[in-house]
Every structure is written in C-alpha cells, then in structure tokens.
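So you can see what is in the structure, the chains are spelled out below.
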Amino acid sequence: MTIGLTHYLILAALLFCCGLFVMTTKRNAVGILIGVELVLNAACLNLVAFSRYRVGTIDGQIAALFIIVLAAAEAAVAIAIFVNYYRMLATIDADKGDELRG
Amino acid sequence: MSGEAIAFYMLAVLAAGSALGCVIATNIVRMALCLLGTLGAVALLYFLMAANFLGVIQLIVYAGGTLILIVFGIMVTSRMYGEKLKPRRSEALIGALVVLALFAGLVAILWRGPWVTVVPTEQPNSVAAIGQALLGTYLVPFELASVLLLAVMIGAAYLAQPAARNGRGTEREE
Amino acid sequence: MSTIELLLITGVLLPLASFVLLAFVGSKLGKPASGWVAVLAMAASCVLAMVALVQWQGLDAAGRAAARSAPVLWATLGGMPIKFGVNLDSLTLIMFFMVTFVSTWIFVFSVGYMAGHSDEIDGVSKFHRFFTYLSLFGFSMLLLVIADSLLLLFIAWELVGVCSYLLIGYYFHKKSASDAGIKAFVTNRVGDFGFIIGLGMVVLFLGDLSLAGAAEKFHHEFMAGGPLFSRTFCGLSLATWMGMLLFCGAIGKSAQFPLHVWLPDAMEGPTPVSALIHAATMVAAGVYLTARIFVLLTPEAQQFVATIGCITLTLAALVAIVQTDIKKVLAYSTISQLGYMMLGMGVGAWIAALFHLLAHAFFKALMFLGSGQVIEGCHHEQDMRKMGGLIRKMPVTAVTFLVGVLAIAGVGIPAVWMPGHTPFGLGGYFSKDEILAVAWHRVYGENHGENEVAPGAEIQNPKSRIHNAEAAALRPEPRTLNPLLFWIPVLMAYVTPFYMMRCWWLTFMGKPRDHHVHEHAHESPLMYVPLVVLALGTFVSSYYLFRPLVAAAAPHPFLTVSYDGAAAEAAEAHATMISHGAHAALATRVGLAFAVGFVLAWLIYRKGLAVGEKLAVALKPAYTVLVHKFYFDELYGFVLIGGTMALNAISYAFDKFVVDGLVNLSAFVTERLSWFSGMIVDQGVVDGMVNGVGRGTWTLGGLVRSPQVGRIRNYILFAATGVAVVVLWIAFV
Amino acid sequence: MGSILRKVAFPIFLIGVAAIIVIAWVPALLYGTVDSMRDDLGRFYKWEPRGEHATLTLDNIRQYLEGSIAGQSAPAAHIRFGRSTAAACTYVLWLLQFRITRDVLAVVGVVGFVSLFAMFAIWWERKVAARMQSRLGPMRVGGWHGWAQSLADGIKLLQKEDIFIAGADPVLFRMAAYVAFIPALGLFIALPFSAAWIARDLDVGLIFILAMYGVGVLGVLIAGWASNNKWSMFGAMREACQMISYEIPLGFALLVPIMTVGTLRLTTIGDLQSGGFQTWLAFRNPFLLAAALIFFIAALASCKRAPFDLPEAESELVAGFHTEYSGFRWALFFFAEYAEMFAAGALAAILFFGAWYSPLPAAWGESWRHGPLWQQALHGVVFSGPLWLIGKGIFFVYVQMWLRWTLPRVRLDQVMYACVQVMLPLAMLVLLANTFWEWQVRDRSVLGTVANLVCTAVGAAAVLAIIGVGLYGFINRRRLVGTQVVKHLPGA
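Chains as they are written, first to last, in the numbering used here: chain V, 32 to 133; chain X, 118 to 291; chain W, 4 to 736; chain Y, 1441 to 1932.
Read the hints as simulated data drawn from the structure, not as lab findings. Don't be surprised by glycine CBs; every beta carbon is placed ideally from N, CA and C. Check each hint, because a few of them may be wrong.
Just the calculated beta-carbon pair ranges, DEER-fashion [as the list claims (entries may be wrong)]: (1) X:G272 / W:H525: 43 to 51 Å; (2) X:Q249 / Y:M1856: 57 to 65 Å; (3) V:L101 / W:F671: 48 to 56 Å.
If you want the footprint, here are the derived chain Y segments under chain X, 3+ residues with CB under 8 Å [stated by the list, open to error]: (4) 1612-1622; (5) 1640-1650; (6) 1656-1663; (7) 1668-1679; (8) 1682-1689.
With a straight-line cut-off of 30 Å between C-alpha atoms, the simulated DSS-like cross-links for lysine-lysine are [stated by the list, open to error]: (9) X:K203 / V:K127; (10) W:K31 / W:K177; (11) W:K31 / W:K178; (12) W:K177 / W:K129; (13) W:K610 / W:K396; (14) Y:K1670 / V:K127; (15) W:K514 / W:K659; (16) Y:K1670 / X:K203; (17) W:K623 / W:K610.
Put together the whole structure using the sequences plus the hints.
Take a look at the structure:
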C-alpha cells in the first residue's frame, strides 16, 4: 500500500499522545515544555500532510512555518520563566509552584 | 514496497520510538536527546513530503535553536544527581489511561474516515512559492510574527535578567 | 527615478543615516560632535532640497510631469497593491525645503542650547540621545512630506508622534515631563484612532491608499453615486464621515479643539524641540495632511474642518492673553494659528492656509528659539513676570523676536494705499489676511457664475471642463458660509497682536522685575545666529517666494490628472483675484488690527504688571475661566476618569442588584420548592438520599478539589480527559 | 630500512594522493556513462526511459557496449571499453543506475573523504603550528615530513581504552560523540564538490548546511553535561552561547549572496561564478566582499576555532567539553571539528570565491569537457572540478590554522560583544546596503563595473600577496626556520 494521508495522521496522533502524556506526567517544568514541543510537532506534521495529500497547496506548510516560529518564541519565554522560577523556588518541580500567589 | 514506503516506515519508527523514549526517560537531558530524534525524523518526513524548506527550517530553528535553548535551560535548572522528579504512580496510571483512550479514539476515527485526497504534485520551486506566499497572502501574519518575536525578545530578556534590576530601584542585591 | 526624486530620497535618508550612526556610536562621539553630525546631515538635506527646488523651478509643466516616476510596489495586501513613491509636486518641494531649512537652524541652535544643560543620568550624558531623536524626527517628517500614499503617510505620522513623545519626555526624570509625553501620546492616539478608521474606510470604499488613486476613485464614486455617497450615517453621507475621520488625525496632531490639551503641556520638552516639532513642523503636519486629503473632503466635512479651526483659534487666542509662562503663550498662539490654517482649509482657502503654514513655521520657530534664548539666558526662568528689560542684555534676541511678533500680528501696508495694489508686509500679513479674505468671499462674495466658483475653475484642460459641473455641485459656493466663521476670526485677529505684544513687552521692555534673573542674562552667538537667519527668512518668506509655489500645487477638485500646469495657473489667478479684491474690502476691517492690538498691549503693560493685575481683578470671572484654560483638563479628568469610574460603579451595581438579585431569587424559589416537597415526601427516605448524595458530592468535590491547587500538569490532564471523551464519543458513539 | 623508507616516502605519499583521486574519479565516469547510456538508448533504440524509474537490463547494457565497441552508437561519455573490460563493467554499470547504489557510494565517499581529510588536517595543523613556532613538527613517521603521523595516531587512538567516567551519564556520554559527528557528516550531503559531485542537490542546500552546523552543537552540549565535570559543563555552555549568537551574523552574511543570486541551491550559486575570477561573487561589489569576511569570521566562531575556541580553552577549562573523552570517541569530536572546518572553507569558496571553478573562464575549456578522457582530466585540473573546490577549502582551512596560531584567545564577554555589537550591526548594514546596490545599481552600469573591477583588483592583490609571501618564506626557509632545526630539514 502506498504511503498516504492516513499514515501520517496516525503517526502524528501517536506523537501527539506521547507529547500529551509527557505533559501530564513529567514534573520537571522543562519536561512539560518538551511535551509541548512534541504536540506542536504533531500538529505541524498534520498540517503538512493535509496540505500535501488533501489540499495540494503550500498553505499548510506556511501554517507549519508559523508554528515553528511561535514554538521558538514560546520556548524562549518559557525558559526565561523557568530560570526565574528556579531562582524563586530553588527547584524546577512544576508541582511546587502551586501557591497561586506571588 | 516502494522506496518511499521504506523511508516512511523507518522514519516513522524513529519518530515514534524517540517520542516513546521521551515518555519513558526519567532523565531530562535524555528526554531532550529523544526530542532531537523526533525532531530530526519529522524534519526528514517533511523532506519525504517534498516540503524541503520546512524540513530545513525545522532542523535549523527547532533542532538548532529551540532544542539547544531547552538543553541550556536544563543545564541552568537541573542537576545530574539532584532529586528525581517522578510523578505519583496513580497520576501516571490515570494519564496513561486517558492518553491511550485518546489515541485509540483518534486511530479509530482516522482509520475509518475515507479521506478525499489529491495526487501530490511537486512544486517546481517551493522555496520561491513560500516566499511569495509569506510576503503576499500571509503578509499580515508574517509581520505579526515579527512583532511577536520582538516582544518575546524583550520579554525574555526582561524575565531572565537578575532580579535586582527588575524593579525600578538601582540597588543591587546578590 | 528622476533626479529630483533621487535628491529628495537622499535628503530623507540622510537624517536616517545620522540617526543610525548616533544610535550606535552617539555615546562615543560625545558632547558637541554628535550634535554636529545631526546638523551636518540636516544641512546636507537642506542643500539637496534647495537643488531640487531650483531644478523644479526650471521645469515646465511637461517636465514636471515627466519627473514623477511610478510608485514602487511594496506589497500586495489581500489583492490591494500597496505602492510607495514620492509625491512630487511644488507643495512637497516647498514643504521639504521649509522643514530642512528650519530644522537645520534649530539643530544649530540646539547644539548651543543643549551644551549648557547638565543632562547626565547615572553618570551618562544623554546629549547624543537628543540629537538621535532629532535626526529620527527629521527623517520621519521628511518621509511624511514626500509620502505619496496614505499608508506611508500614516507610518511617518506615527513616527513623528513617537519622536514627539520621546522629545517631550526628554527630561524623563522630571515627572511633569514624562507625564506630558504620555499625555501627548495618548491624546494623539485618540485622533489617530479616527484616522485609522478613516483609512479603513478608504481601503473599504476606494480600495486604493495612494493619494492620487484615492482621489480618482473618490471622484468616480461621486460620479457613480456609489455607497460612499448614497449611504448615510446620522444624516451625513459616508463620504463626509470618511473625510471627518481622516481629519481626526489632523485634530490630534495639530492640537485642534477638542484635542488641543497636549500641546501646552508639551512645552515641558527642551525649547528647541518646542520650536521645531511643536511649532514649526510636526503640528503643521496636520494641516499638511488636510491639504493632501482636501480632495476627499465633502462640503459638509469642510464645514466641520472650518468650525473646528474657528473654535480652536478662538479658545487658544483668549487663553494666550492670560498666560504668564513665555513658552505657554507661544504654545497657545501656535494652537491659535493652527486654528487659522484649519479654518482656511475648511473655507477652501487651500493656498492661503498652506502659505500661512510656511510663513508661520518661520516666525514661530524664530520666536520659540528667541524664548529658548531668553530661558537659557535667564537660567531656566520661564515666567514673564520675573523678566522685563531684557532688551539691554539681549538686543539681538529682542529685535529678532520683535520681527516674529510683527509677522504673526500681520504687520503690513494694505495694498489699497500702495500704488498698483502692490502689497508689502511680513508673512502673516498676507497669509492670515488671505484666509480671512477667502472666508469673506465665501460669506459676502459675489457669485461670478458657476465656472468661477472654485479655485481652478478657469481651466484650459478639456477633461476638467467636463468635471466642472460636478465640481461646482460639490464645491461650496459663495454666500454659503456662516458669517460667524468670518467674524470671529476677524475679532481674534485683533487679539493676536495684543497677546504677542504683551509677551514681547513683558519680556524685553520695561524695567527689570527680578534683578537676580536680569543680572545673569546673556546671549550666546551659537544661539543667536539661527535667530538672525530665521528673522531674515521671515522677511523673505513672503508673498513672492512661497505663495507662487504653494499656488502651483493647488489641486483642482477631483481632477487628479495634473496638480500642476494649467490647473495651477488658473487656481492661482483665481485665488489672487479673490485675495486682491478681498484685501481691499478687508483693509478697513482687519488691516489695522495689529495697530489696535499693539497699542492696547502697550497701554496696559508699559508700566509693568500693575494694570494687568487690576484688570484681572476687575474681570475676575473671565480671567478665572481663561487661566484655567476653559477647564478642559478638568473636564477631561472628570469625563474620562470619572466616566470610567462611573461605568465601574454602574457595572458593579448591575452585578450586585440585578444579577445577584436574580440568582438569589432563583435560589429562594428553589429553596421554597424543596422545602415544600420535603414536607410532602417522607422525611426519612429523603433524608437518607439527600445525605447520601451530599456525602457523595462532598467526597467527589474533595477529589476534584485536591488536584485543583495550581498544578499545571493536572490541568493538562483534565483538558486531555475532555478531549479524549469527545474523541471517543465521535469515534465510537 | 630507514634510509629506504625515507627515499620512497615521498613517492608513496604522492601515489597515495593520486590513487585517491583516480579511485574517486572512476565511479564518477561510470555514473556519466550510465546516464548517457540511458539517453542514447532512448535515442537509438526507440527505448522510452520512464523517468528515473526506468531500469536498464543487463542485456541492454551489454548490447549497448558492444554497439559502442563496434562504433555503431556514439561512445558514452567518450569512454571506449575493450571487450574484456566491457564484460566486467556490465554488472557495475547495472548496479550504478540505481539511486540506492549511488547513495551508498556517496556515503562511503563522504565518510572516506572526511576521515582522510581529518587525518591530513591534523598532520597539517601540527606542521603549520610547528613552522609558526620555528619548529619542524612531526618528521619521522612515514618518512617524508612525517606524512603518516596521523595514520599512526589514528591506529593508536583506535586501540586505546575507551575510558568511561563512573559519575557520567552512561547513555548520554556515549551518544554525545555521535550526535556531534553525524551532523558534521550530514553537512556533506548537500555540499557540492562540483556541479555533479554532490550527494543530494537540495533546493535548500545552503540552509541545510547551516542547520547541520546548528544541530552539531547539541552533541557538544550533551557531552559537556554528561561528563559530569564542571569544566566540561562550562565549555558546553560557552559553546551554546557562542554558537547560537554567531549563527545570526552568519545567517545575515549568507543572506547577502542569496539575495544577489536569488537561490538557495548551491550548485546554481556555484555555476553563476563560472565566468572567471571577476565573476566570483565576492568581487561583484564591495558589500559581498564584506559579507565574505563576516561569514568567514562567524564560521570561525561556529567551528569553535581560535581565537574563538573558548569551549575547549585548554588553559582555562583543561579541554572543555571533551576533557573526559578518550580514544575513539575523542577522535570523533576531532573528526567533526575538522569536517566542519572544511565545510566552512568550502562554503566560503562556493558562495563567494568561485566554487569549483578556476580563475579562468570555464567557457574556454568547453571543448575539453567533451573531449577524450585525458582532455576531460585536464579540464578538471585547469578549469573546474572537485579538485579546485577541495583546494580552495584547504586554503581556507589553512587560513583558520594560521589565525589559530597567530591570534590570542579572546574572553567570552569579548566574543559576545564582537558578535552582538560589531558583527551583527555590520552584517545587517551590509545586507541593507547590498539590497540597495542590487536594486539600484545594475551589473552593466558604470558604477557596477567599476566596483567589480576594484573588488577584483583587491582580491587579486590579496591572492598575489599570499603567494608572494609564501614564496618568500619557501625560498628563505633555511633562514626562517631557526638554527636548531635547520640541519633536520629535508635535503640538509
């Protein structure tokens, strides 16, 4: 069977679920960020697959491009926040930040 | 089996394996390494889908930029022999259940749906096409993204600077 | 790209280069050097502008048309091409020249002025920063002048706004200065909001942001009776609304009523900034914008413009009478003069208004620099009540300042008394009186028939002939203007000389009232050279140099083919005719205004402040209103801040009484109902059930609550659960 | 024995180099034969090749070769096969038509080239260092100037114990070396050695190479972290800072030629410079020359070479990220470094300095290109070919070594200052200026020609100066080399 849309979609679903699981179970804040990156990658993969096999234009690629750019921006801010977090709480455990006050 | 299929399955196994590695790994740097595997495999999948430019951008921005940033962040915040941050077993179990259910549901939907597909056509010059689209149809998002990047640059610099300079006072702590 | 365009573009880029250079290495260049870099760039621009102007004068109509090249495609937004280019016509060139010339001399003045300031913050001199901002301003202003599309104009518009903000707040460690900067910025935002909506309407209805293209489309729309003219909102056609909204930007930037409040506060900036930005160039940009969008203004919109201008000039002139801060007087006089320009635009005196703009730029820059000299010489004393008698210490400043006062007062010899009706006078004489003359024409003038109504009516261009009928239909005719729009400005023409003479007399003449200030007063050559140059400029900037150039750029209504050539000649001939005729009529009414004002000021203030103070007591109510600037700041404070608070209170009350009341009511009803059912149903069974349910809920609540303590992962898990449920639902149900 | 070896050492070296060139050339010739065979078969036998997927059968090939021998058909790629060679070649040619075969060959070639080059470069670096310090460097192993020194070292490294630190992270410590090495190899996928000598002619080749540079950092980072050593960690952090920062001016500098030529495909960029010395992009206008300079400096920092070798600053951090490594893994880091160095030099050559073309216009040699075998070989040497690119690459590697042994190391804050405050604004300015130049100044305009001539003259003067200085040094080597070692010089 030739490789088609479904293959990519299922792979993306797998990546998505892995990312989600990483997000829910890792207590290290950077680990959560890694999970987010996995999820975003899955989304990008979906977009590109759809744009190739379903639409036939490059619009999906552009959207994926924007996702990559935004992911980079998001990672930069997230890391800055984590550094601050570590400075304040002396840990990177995301569960320790449950006080909900400054 | 065509060459494309072989390539796809190899890359899919690499991507999925690395993603699962991310899930299993307890060491955060190993997770980052696994993420590199996924990112690289996905980039190669983009190449497979003739989205060369995107694949390269994925490599340069994601693997060469974001991931290094993440590893950098890890180095600043984690110790190799620090406390192991493990989730409670019940949490992991619930998470696994939910995610597996989700995956099952997604696969069921994807498998069932007869997707209306088009025959993939090769763009003669996809880089040029992407450039045209970015500066034409998608000009406004493009500019917004640049503004966002500027804001992020300033914001990240502000957030990450030493705490003493955050306030308006000039006194230096530390 | 033609040579002239290349010259202009280079002229625009030079200050930008200076900005970049100063921004990066300004701190290394140090105190005087960084200033001279900016001066050099601006002077070079000025030279280029002169070359361009001379070349342009040497071209005939065909050559001028050929010098204009097609705009460059910059981007395509949703099918609408965005093109940028140089809007090459006489007005652009003369404005360009004015801006570069005035800027150059103000930059020179600034080098002297800022050198005497202790401007260190945390041990770092910010001298270079001043010139960095000034260079950026020069670039933005010149870009604004040459912009040929509304979008580019808007970009430059915002850039000059930013520069203005930065420069007003230059002494940002002073609370009042930083507040003034914010006030200016925020007030301008209000105007720009209207401007943006107007731009949106231009995009929506005309689909072309270039000035020429928009005008053409506007005309087609008018001919076709498109939605812009057929649809109305609040009784006014959308075209009128569009014009008024675009004009909103000018209201903000040119400090017109009701957004004039920022300009007096902007005097917190260094004086050269006040001279350059808040008197000569940037605030005049509003008038320039109005001139550029003039062809998009319907008669109703023009009426609006004229009314705003009239209100502004009146309010500002009256407030200026009682101000004691020398810069505030000048600020209000600026607002008042801008009001005259807007009035001129509104009544159709396109040429006169721009002529007034150019003349005003010179003499107001001159006066501001003079005031800067005074302030600097008196060790930052701005209160006129503490000055007096400075003419002995600062002769050059006093004389040049007097030139400015004479110019703004409109001193001249009315044409009727000159052989061959050849007028002679200073800038303000011609320009302001011409505005009034056109207003007079609009109120009392003879209707010479359809073809002679609008400027540029006697046009040889066949295409224009065709459009004349529509033009006449859309153009206001004589005897259609409210007489108030003529008489109030005339009255204020008497007030202007009064407050200007008051200002000059209090500062320079009489006896020194504060000996401490008087003793230390001095002049410095670096600062009075620009004064002399600008004073000479004020003499020269008269009828014979500026007016023909401005007149050559006059647009024929809805005729976009040519802004020059035949149309312009006819327009000028017509306008000259009106102004000559009207001058004769006005001479008796306005011509002596300056004399009356001067004499009155001299009578009151020749002996110092005593008479003035007595008058203030005698006219207490009026004086109080004027001193409080018609309570505009208080009004805005009350309406905007109080309004927000009131809205809060109302929302709160609504929440408290209506929403809570409804909730309570339903709860009450439910309670009653359950009590009723409880009485009927067997209590034991229900109790058991209720307790069971209650306990279950308690436990469940505890379960749900326990992760709900700010752990991000659990939130993600819940979201994932939700998604999983939905997906499973779709997949299997 | 020793004296014999000394006599034959130089010939061995030369023969080795020549053998490598020939070994590389033969597959290339066979490639060409297969490709033209496809075309010819299509033409002569009405055989329709269905694009890339059309496969030639053994019979096709045999028939064709026989036809070629009998002179019935046009000789493929001007190679005439004898009867016996034809029989042997049939199978080889059949294999070569498949893409996978070619890919395998390319990988083998790239790996071979990288390892050979790294060995050569290490030996050469030691020689350069020695000569700069008036020493001789390795002189014994292999005879002639100690040419086999690296070979011996390599064998030594292979059999050395792979020391593993008890406190290190076992997986990451082992993986790091590969993560550093694989991208360095990956670079060569898209790096053309000439128009045809390229594994994958990507339309985004340039950024691909840039991306590989970026990914390579990760290996260093992980190595530093996994070593569980403070100094290694510092080295890794420095590497990350430096690399991420210098990628920005690097990218800006690369944008300048990209905007000029309008493509990211490296082969196209190279082919645009085929018209001789004055058409090389660096000499097109002053801004491109400046961009070349910025690119080279930024690339120097990206390869963590001196004066930017902070990640492995031996006087501060012992050896930085590879302090704890030994044996083969340690060698991998060095292979990666030298591969990146060569790639940087080759990229500079491709983008700015005429790629694989000689300073002579390629049009002059057009007839040689299609001539008999010896003419083709001569064309490769005189006009264009991989040898030119490798030569230029080696020259730039030499410049990098020269700088390393000349300049002192800079401090980290100086490195960052140089990047953010100097290189970045400069690169942006150059990009802006070049944009205006390309927009307004036409190639054929007076200004364009003058700028081209001036830049060409500057470039030529630089080349001549280097050659002159080199010659001076060579002629006076006895005087310059120092009294202690003069008697050990060959021929003394």
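Outcome for the supplied range 48 to 56 Å, where the beta carbon pair is V:L101 and W:F671:
Hint holds: Cβ distance 50 Å, inside 48 to 56 Å.
Outcome of range test on Cβ distance (X:Q249, Y:M1856; 57 to 65 Å):
37 Å, violated
Please check whether the stretch 1640-1650 of chain Y has three or more residues whose CB lies within less than 8 Å of a CB on chain X.
holds (count 6)
W:K610 and W:K396: Cα distance at most 30 Å?
19 Å, holds
Hint check: Y:K1670 vs X:K203, CA-CA at most 30 Å. Holds or violated?
26 Å, holds
Is the Cα-Cα distance between W:K623 and W:K610 30 Å or less?
Roughly 21 Å separates the two Cα atoms, so the pair holds.
Does the stretch 1682-1689 of chain Y contain three or more residues whose Cβ lies closer than 8 Å to a Cβ of chain X?
That given contact holds, which follows from 3 residues of the stretch 1682-1689 of chain Y lying within Cβ reach (below 8 Å) of chain X.
Check the hint pairing W:K31 with W:K178 against an upper bound of 30 Å on the C-alpha distance.
Given pair W:K31, W:K178 holds - Cα atoms ~29 Å apart, limit 30 Å.
Examine the stretch 1612-1622 of chain Y for residues whose CB is less than 8 Å from any CB of chain X, and state whether their number is three or more.
As far as the stretch 1612-1622 of chain Y goes, the hint holds, because 3 residues have Cβ atoms under 8 Å from chain X.
Are there three or more residues in the stretch 1656-1663 of chain Y whose C-beta lies within less than 8 Å of some C-beta in chain X?
holds (count 4)
Check whether the Cα positions of X:K203 and V:K127 lie no farther apart than 30 Å.
13 Å, holds
Has the stretch 1668-1679 of chain Y got at least three residues whose CB is nearer than 8 Å to a CB belonging to chain X?
With 4 residues close enough to chain X, the hint holds.
Hint violations for this structure: numbers 2 and 15, all remaining hints satisfied.
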